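Spelled out from the first residue to the last, the chains are:
Number of protein chains: 2
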Amino acid sequence: MRAVNVQPSRRVVLGGSAAAAIGGVFAGFGAGRATATASSSSAPQPTDAAHSPRFQPFHGKYQSGILSDPQAHAVFLGFNLPLDAMDRTESIEHIRSILKMLTADAQQLMSGRGVLADTEPEMSHAQSDLTVTVGVGQSILDVLGYKSSALGRLPEFKGEKLDARYGQSDLIIQCCAQDPTVLHHAVRALRKNLRGITELAFSQSGFMHAAQPVRPGPGFRNLFGQLDGINNPTGQARELAVFGDAQEPSWITGGTTLVLRRIEMNLDKWDEVDRAGRDFALGRRQSDGSPLSGTKSTDPVDLQALDASGLPAIAAHAHIARAKPETADEVLWRRGYNYHETQSSGLLFASYQREPARSFIPVQRRLAQVDALNEWITHVGSALYAILPGVAEGRYLGEEVFSQIKQ
Amino acid sequence: MRAVNVQPSRRVVLGGSAAAAIGGVFAGFGAGRATATASSSSAPQPTDAAHSPRFQPFHGKYQSGILSDPQAHAVFLGFNLPLDAMDRTESIEHIRSILKMLTADAQQLMSGRGVLADTEPEMSHAQSDLTVTVGVGQSILDVLGYKSSALGRLPEFKGEKLDARYGQSDLIIQCCAQDPTVLHHAVRALRKNLRGITELAFSQSGFMHAAQPVRPGPGFRNLFGQLDGINNPTGQARELAVFGDAQEPSWITGGTTLVLRRIEMNLDKWDEVDRAGRDFALGRRQSDGSPLSGTKSTDPVDLQALDASGLPAIAAHAHIARAKPETADEVLWRRGYNYHETQSSGLLFASYQREPARSFIPVQRRLAQVDALNEWITHVGSALYAILPGVAEGRYLGEEVFSQIKQ
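Chains A and B are the protein sequences, given in the same order. Residues 1 to 407 (my numbering) make up the first sequence, in order. Residues 1001 to 1407 (my numbering) make up the second sequence, in order.
Just chain A, same shape as in the assembly (with noise of 0.2 Å):
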């Protein structure tokens, strides 16, 4: 078996049990490459989750609330703009506008200063690790004549069940944080600027833990109970699977992509299965995140191997194992959150990676063909988005865009 480096190259196309012994991949999916142990000098280092909440920077090399582990609750808004009622020179201005706007806005509220005019600034000042993260569709990317082969539009998979409340907008704002009335608040005043040039197309409120985590290890559980994210990529690994390298960027350097997708789990259905149907679905235990073949979260995940009886440990339909990453392109960054509303509960499947068409897309056709679990979930919501790259002193969000578009 091969040695895996912790930054392997982008074009080793790993076999099977090459690609198990990279390290097992979770519920969710797509976290194979091996775990770094220093972050890139270069970047902003990944938040420390058990540290004291402050203000998170705006500026930087990348926008703030990617590289860092997720805050204890998160919004997505989602905003699309008026631009079949503008000719193109129009809406050139109207997008350049919106973002010189979201700039101030979300240097504003990450300092804690409350945005322009705002009503209640005081409910800003709490250090909560806010974070306001802008991205935007490739229709936005289309009026701008900006050309790229990393987006384009999420393609529709087998079995999804898509309801046009969650689906693709024209714009993005991650807001995450740690206290959930300092969130209300940026959310509002957000919504409030945008009131009048945007639509709403959507509001999604997830959450994950405490903003001190009162479990120890990476990843939480999401309402069927299971460990989410035990081996999603953290330091150098993270970096690169979510923004590239110089030789390899994402859609634009300094900028990633971000897939949403809302993932509908049947709790009550979820309800009738017993563990050993659970860890059979998953190929992992619900007790402690161990692969069906392994003992320990962080054993790999080797679809070699036989049980007592003398058959797979981890089935072949099981999620993990249609999830494992076949490239080590196939790496993602989950970044999401569990949600909870009267009528529905789920995930706010949420990662980030460099190039999702050689990604999250095939990882989710496999998925979407078999997957174990498929009984038990329904994506009912699907969008794709370029996130802008991060801004320097002085500039604003998008600005390297709208520097090499053609007029």
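In short, the hints are calculated from the structure, not lab data. Check before you lean on any hint, since a few could be wrong.
Below, computed lysine-lysine pairings styled on DSSO-like, alpha-carbon distance capped at 27 Å [as the list claims (entries may be wrong)]:
(1) Lys192/A <-> Lys1269/B
(2) Lys61/A <-> Lys161/A
(3) Lys1269/B <-> Lys269/A
Covered stretches of chain B (chain A as the covering partner; in silico rule of three or more C-beta atoms under 8 Å from a C-beta of chain A) [stated by the list, open to error]:
(4) 1112-1122
(5) 1228-1240
Label pairs and their in silico Cβ distance ranges [unchecked claim]:
(6) Gly152/A <-> Val1273/B: 29 to 37 Å
(7) Ser1111/B <-> Asp271/A: 21 to 29 Å
(8) Asp1087/B <-> Ser203/A: 47 to 55 Å
(9) Lys147/A <-> Arg1054/B: 53 to 61 Å
(10) Lys296/A <-> Asn1266/B: 50 to 58 Å
(11) Arg1054/B <-> Lys269/A: 52 to 60 Å
(12) Pro1155/B <-> Thr342/A: 23 to 31 Å
(13) Glu1272/B <-> His59/A: 29 to 37 Å
(14) Ser1148/B <-> Ala104/A: 36 to 44 Å
Remember, predicted model here, so these are calculated numbers, not experimental data. The beta-carbon is built from N, C-alpha and C at its ideal position, and this holds for glycine as well.
Fit chain B to the given chain A structure using the hints.
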């Protein structure tokens, strides 16, 4: 001006300025008694808000989740029982079996072990200050033939627009935790075990701040941006307001009462009010919670104080002028939460008090009559519960009530 003991006699009726001297009253209301510096040694210590989350005790003189500082998240579950379908003997046994089951479930969940036949016990493993607090409405006391002058039902108040979805139920379970995922599991586990033997009346979710409060000092900001809870009683004064003492206990020794009101707040209309108008309506400054008669949040509410132009610093119809306790009995312990749903935002006002007829009800009558804030708030939910005493090892919730009823 008379000096006020930290534990004044309940019978002292306070005149205007003497009441003000006792301490400011805050948005929300009823927190006029001076703050004690030490807790009663016989009672569980109020939770230090900055402590690390842990398992809260189930057994004790009082139920947990009452005297402690509020956790970050709460769900209030209302249930109705099929009492009309049973004769009295059957009803009594039905109620007893539910309370016995809740005793077991609450004990299991609070100690991190999941309920009987729990499909995801792992989700309760995290130490998260989870508390499960149980109470009953007058309807249950009536069936049991338990006479008490302290409960009854809340009267109608002027201006309220009650929505039957948030009205009085037979049973209340207050679930609180620092971790929203742990809380989700607990709520689901409790609901599953009550299925078939009760009907869910409501599930109202609220939030406050992060598990590790990010703002120093007491209270939290409500969604109007006002500091709520500045002058809530602490320590011994809190315990006295909630449970009374040996001479004057609540409806039962070790028990108390819970008022649960759902107060819709019109944020859009509130946005139109400028700072001066906001401070004027409340009688306190939004900036730091200081009363308009003083400069610090801890300054007393002085209704005699005049401003530079010789007018009352706090208007007679300002919220805190109307809410100011007129007797020591009017002190209550507010443990409410913000709420936010797609169509409505506001406050889940929750207060614990020895006797609502002498505390919540007279104060709310005054506020319903005249309160400058009424222009922006609407009470849409109203319920009152008898919170059961704490449980000794080997006993069950409400056992004292059953032992006193006449069959």
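We went through each hint and held it up to the structure:
Restraint check for Lys192/A and Lys1269/B: the C-alpha separation of about 13 Å stays at or below 27 Å, so the hint holds. Between Lys61/A and Lys161/A the alpha-carbon distance is near 37 Å, which puts this suggested pair outside the 27 Å criterion. Restraint check for Lys1269/B and Lys269/A: not satisfied, since their Cα atoms lie roughly 43 Å apart, outside the 27 Å limit. Counting residues of the stretch 1112-1122 of chain B whose CB falls under 8 Å from any CB of chain A gives 3; the rule of at least 3 is met.
Requiring three or more residues with a Cβ within less than 8 Å of a Cβ of chain A, the coverage given for the stretch 1228-1240 of chain B is violated, as only 0 such residues are present. The given range of 29 to 37 Å is broken by Gly152/A and Val1273/B, whose C-beta atoms sit roughly 46 Å from each other. Between Ser1111/B and Asp271/A the beta carbons are some 22 Å apart, a value that agrees with the proposed interval 21 to 29 Å. A C-beta distance of roughly 50 Å is found between Asp1087/B and Ser203/A, which places it inside the suggested range of 47 to 55 Å.
Evaluation of the 53 to 61 Å hint for Lys147/A and Arg1054/B yields a pass: the beta carbon distance comes to about 55 Å. Separated by about 54 Å at the C-beta atoms, Lys296/A and Asn1266/B satisfy the suggested range of 50 to 58 Å. For the hinted restraint 52 to 60 Å between Arg1054/B and Lys269/A, the CB-CB distance of approximately 34 Å leaves it violated. Restraint check, Pro1155/B to Thr342/A: a C-beta distance of roughly 30 Å satisfies the suggested window 23 to 31 Å.
Under the hint 29 to 37 Å, the C-beta atoms of Glu1272/B and His59/A, about 34 Å apart, fit the expected range. Judged by the Cβ atoms, the range 36 to 44 Å given for Ser1148/B and Ala104/A is violated: they are separated by roughly 58 Å.
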